[in-house]
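Okay, so the sequence shown: first residue is 12 according to the numbering used here, each after it adds one.
Wrong hints could be hidden among the right ones.
[Claimed, not checked] Each pair of labels, with its calculated beta carbon distance range:
#, residue 1, residue 2, range
1, S37, E76, 14 to 24 Å
2, D274, R326, 33 to 43 Å
3, P317, L133, 10 to 20 Å
4, D95, D363, 34 to 44 Å
[Unchecked claim] Keeping only pairs whose Cα atoms sit at most 25 Å apart, straight-line, the calculated PhoX-like set for lysine-lysine is:
#, residue 1, residue 2
5, K311, K342
6, K109, K145
7, K311, K334
8, K309, K338
9, K338, K311
10, K107, K145
11, K309, K342
12, K109, K63
In case anyone wonders, no lab produced these hints; they're calculated from the structure. Just so you know, even glycine gets a beta-carbon here, dropped at the ideal spot from N, CA and C.
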Amino acid sequence: MSRTSEHLGIPAAQLAQRIRRSGLLSAAQLDAFADLLQHNGEGDDSQALADKLVSLGLLTRYQAETLAQPEPAPLVLNDYVVLDPVGQGGMGRVFKAKHRRLERTVALKVLRAELTRDEQALRRFEREFQASGKLSHRHIVMAHDAGEAHGVHYLITEFVAGRDLQRLVQEDGPLPVPVAVDYLLQAASGLEYAHANGVVHRDVKPSNLLVDEWETVKVLDLGLARIVDMVEQEDRAAPHFTLSSTGQVLGTLDYLSPEQASDSRRADERSDIYSLGCTLYFLITGSPLYRRDSIEAKLKAHREEPIPALGQVGRGVPEDLDKVFQKMVAKRPSGRYPSVRDLIVDLRACCDRHGWVQGNSRMNA
12 MSRTSEHLGI PAAQLAQRIR RSGLLSAAQL DAFADLLQHN GEGDDSQALA DKLVSLGLLT
72 RYQAETLAQP EPAPLVLNDY VVLDPVGQGG MGRVFKAKHR RLERTVALKV LRAELTRDEQ
132 ALRRFEREFQ ASGKLSHRHI VMAHDAGEAH GVHYLITEFV AGRDLQRLVQ EDGPLPVPVA
192 VDYLLQAASG LEYAHANGVV HRDVKPSNLL VDEWETVKVL DLGLARIVDM VEQEDRAAPH
252 FTLSSTGQVL GTLDYLSPEQ ASDSRRADER SDIYSLGCTL YFLITGSPLY RRDSIEAKLK
312 AHREEPIPAL GQVGRGVPED LDKVFQKMVA KRPSGRYPSV RDLIVDLRAC CDRHGWVQGN
372 SRMNA
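Make a model of the complete structure from these sequences and hints.
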């Protein structure tokens with residue numbers, strides 16, 4: 012349904028002027044549609060002008076609405092044109108964008124404006140693209156570029172058309188066991204590669220695992236990743252991230268290992284394995300491992316409460332898979348798999364014993 016001009020909040024002439032100055036349209040496009048901008052710019056119906064440009068594919072609806080804001084956010088960041096918002100995380104917003112010359116669709120992650128005044132946040136953001144940039148794997152969202160424009164810090168990654176596993180379960184319900192195990196194996200393959208290259212993710216959770224139209228799972232958001240060979244230097248320079256000292260815990264509590272909650276510097280490969288175990292529980296049951304009403308109660312549950320038997324809460328869970336799960340979420344790191352490679356071996360053995368075909372999970376479930 013078309014909206015009236017007052018919804019955009021500015022006169023058509025002002026909108027036309029902002030479009031010309033925005034950098035969204037090339038010189039050739041401005042020349043080709045000069046009459047349209049001039050004619051509509053002389054009237055009062057800014058909505059009609061916006062609707063026309065959207066219908067012609069010259070602007071997205073988000074771009075038109077952004078240009079009408081009292082103080083529009085920049086829509087062109089160096090070589091990248093912001094198209095539409097696709098998500099939001101703790102560090103900032105994620106947009107679908109396009110490289111102007113290569114015509115390549117990408118994901119553009121923008122650091123929240125208030126965090127650009129925080130040196131520690133900027134260091135974490137820099138660490139994100141350093142960690143992402145050194146990784147190239149089928150099951151990891153690939154980083155392409157990073158930069159700053161108009162005071163905006165951003166990271167460019169490949170754009171994955173699909174849903175994250177949090178949204179998938181929320182919309183479709185718990186996954187069949189073979190599908191959940193296949194998705195977990197794919198994520199584990201990406202993490203194994205990251206660990207081999209000195210990167211611990213530290214924020215593994217369903218919303219950081221994307222599945223595309225080909226049933227390929229990709230790990231994303233290395234914003235909390237730790238480059239092992241930088242640890243000593245960083246530990247000397249940065250304060251500890253502990254619940255007691257800052258009131259904050261990096262990562263998401265439902266998937267956070269007990270040792271990571273007390274001191275994030277202790278997070279290693281086994282912490283990612285714990286988070287994968289919590290993710291497996293969610294994929295099969297649709298619920299977090301420990302459903303509690305407060306931060307303190309949730310952290311205590313991860314530290315002290317008995318581990319639920321996966322077979323008692325999820326349908327079709329064989330005993331050998333429950334044993335793998337129990338080992339993944341052991342309270343102490345020493346009780347878990349020493350490496351993702353060891354975890355993958357046991358998960359694949361489960362698949363072989365039960366005839367679960369890996370790949371194209373939905374079709375083989």
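Enumerate the violated hints, using their earlier numbering and listing them in ascending order.
-> 3
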